[in-house]
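K.L.:
What follows is the residue order along each chain.
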Amino acid sequence: MNGSAAPAGARASDRRSRANAFAARARRDFPALQQEVGGKPLVYLDNAASTQKPDAVIEAIAHYYRNDHANVHRGMHELARRATEAYEGARRKVARFLGAADPAEVVWTRGTTEAINLVASAWSHTFLGEGDEIVLSTQEHHSNLVPWQLAAARAGARLRYLELDDEGRLRLDRLPELLSPRTRMVALSHVSNALGTVNPVAEIAEQVHAAGALLLVDGAQGAPHLPIDVAALGCDFYAASGHKMCGPTGIGALWARRELLEQMEPYQGGGEMISVVERDYSTWADVPHKFEAGTPNVAGAVGMGAAADYLTGIGHAALAEHERTVLEYALDRLAAVDGIRLFGPPADERCGVVSFLLDRAHAHDVATILDADGVAVRAGHHCAQLVMKHFGVPATSRASFYLYNDTEDVDRLVEGLDRVKAIFG
Amino acid sequence: MTEIALSSLYQQLILEHYRKPRNKGVLPGATVEVHMANPVCGDEIRLHLQLDGEERVQAATFIGQGCSISQASVSMMTVRLKGKTLDEALALAARFTEMMHGSREAARDRKLGELRALQGVSKFPVRIKCALLGFDALQEAAKRVRSQADGPAGG
Ligand SMILES: Cc1ncc(COP(=O)(O)O)c(C=O)c1O
Chain H
1 MNGSAAPAGA
11 RASDRRSRAN
21 AFAARARRDF
31 PALQQEVGGK
41 PLVYLDNAAS
51 TQKPDAVIEA
61 IAHYYRNDHA
71 NVHRGMHELA
81 RRATEAYEGA
91 RRKVARFLGA
101 ADPAEVVWTR
111 GTTEAINLVA
121 SAWSHTFLGE
131 GDEIVLSTQE
141 HHSNLVPWQL
151 AAARAGARLR
161 YLELDDEGRL
171 RLDRLPELLS
181 PRTRMVALSH
191 VSNALGTVNP
201 VAEIAEQVHA
211 AGALLLVDGA
221 QGAPHLPIDV
231 AALGCDFYAA
241 SGHKMCGPTG
251 IGALWARREL
261 LEQMEPYQGG
271 GEMISVVERD
281 YSTWADVPHK
291 FEAGTPNVAG
301 AVGMGAAADY
311 LTGIGHAALA
321 EHERTVLEYA
331 LDRLAAVDGI
341 RLFGPPADER
351 CGVVSFLLDR
361 AHAHDVATIL
371 DADGVAVRAG
381 HHCAQLVMKH
391 FGVPATSRAS
401 FYLYNDTEDV
411 DRLVEGLDRV
421 KAIFG
Chain D
1 MTEIALSSLY
11 QQLILEHYRK
21 PRNKGVLPGA
31 TVEVHMANPV
41 CGDEIRLHLQ
51 LDGEERVQAA
61 TFIGQGCSIS
71 QASVSMMTVR
81 LKGKTLDEAL
91 ALAARFTEMM
101 HGSREAARDR
111 KLGELRALQG
121 VSKFPVRIKC
131 ALLGFDALQE
141 AAKRVRSQAD
151 GPAGG
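Protein chains in written order, with the numbering used here: chain H, 1 to 425; chain D, 1 to 155.
These aren't lab readings, by the way, just hints derived from the structure by calculation.
Quantities reported herein were computed from a predicted structural model and do not represent experimental measurements.
Don't take each hint at face value.
[As the list claims (entries may be wrong)] Just so you have them, the derived chain H footprint on chain D, three or more residues with Cβ under 8 Å: (1) 4–15; (2) 32–46; (3) 57–70.
Here a beta-carbon is modelled for each residue, glycine too, at the ideal position from N, C-alpha and C.
Take these sequences, add in the hints, and give me the full structure.
P.N.:
Structure follows, in structure tokens:
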């Protein structure tokens, strides 16, 4: 390599052509991306809301239903055995994907929202008392706020907030003063869905544990983009959603340290989660099944397992390199758009999410006009009203990238914004 | 979505009301004031109506923030409301709602005045609620005025 001799421009364009070749290969795996919208090839930039699905995931779900479906952990017959193996096999895949040594530490949920609700309900039941404190941040998605508001109201506990700086980073300099002997739980996102900010979880975990509290990480936007190793992150709970990482909707995972799961009361009661049922009491199944009442979303689990395999096959390093290239290109091009306001930190501190506002046109009008051009973005508060309040805006437009997006998608976005300006002046 | 749909959505008249809204501001001595928001997108308006003894709108103003469609719609609505009785105002709201749901006949109704410029919104289902925000506030205002007039035991 003679990287240091090549001019910076040439290196950047090499990286861009590599990123575009990478995206072109990936795009072939995603049938939904082979369509036109508004007479133009679809440019899907709403990945932070939900990603598209590769054939490998769609086929895994179809294969399961065509061949192996029965209820799990119940029947004594062949299909029940296969379904159970598919379900538990998927749990092992997702455990590996999250860096968890013990698959029993992975509880299936409907998604990140249910994973957080599970902890806020089952953990708080035993471990949160009157006058205790929970530390959150104003960066959080509503699903990492509202469950804690409910839990705090039930327990008589108090919520405290870590604020953001002007670029949407956590004000970690304030963390020591927020952590008190009453702090029981700190719940923060790994990556902000509204801004893309990547938070230094390992560093936070150390401080939280030194204060004698636990750390829950909302990994809805972390798991799809970053290599996850829960042991290295040092957190106590990690929540993720299948649909944001190429998997199906209606499935997600909660990883938690085994001893915590063992100490927690069940979340819901029903079949599957019990050991012995008497008239007045029951005893619980072992973890993780203690937290999985009722017939689970087996096909969803199979799909999320296939998604984990798919992403592992792509490789996290390659994925990160690709996303960084597209993100840097997007930030450069968008920064040059007249009258734009960009939110969030520099490229090396964020994932592929760009929130922005144009001075003349409202975020919704921007999204409608882009949609007419076949460019799908999100407009609104992104379920992060505290982030909007922090920046004093009611809404932003948000473009979010994934493995199948390339620099031409960014060009289409910028062309669409020119169109907005032509209409709104 | 076609070019034509987009240009019919963003008519000049709509952009003009968006840039220079009419009747924007508070209304001291308003008979009724209603706050209406769309929690999904953060659009919001506060509608103020001043009515005389015959339930006739003497003045209508609003303050608010949001997309061009919600703000232009409420701006046009306030222009149209002046001098109307509450019943006439509600009939206007009903007619406008019909237009949003695709009625061509409603879209030709001169009673809607400038509001007809918003007919293109009906082709953009996700934006219909933006256009209706002001009218939702109007309906809520009418309800409040009437429940007050009926007294606490009324209705
Ligand atoms: C940061 C973050 N947390 C939580 C969630 C909730 O995820 P789900 O709706 O899949 O439960 C989302 C998704 O919208 C998110 O982006």
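K.L.:
All the hints need checking, so say for each whether the structure fits it.
P.N.:
Outcome of the hint check:
no. : hint  : result
1   : 4–15  : holds (count 5)
2   : 32–46 : holds (count 5)
3   : 57–70 : holds (count 5)
Checked against the numbered hints above, the structure breaks none of them.
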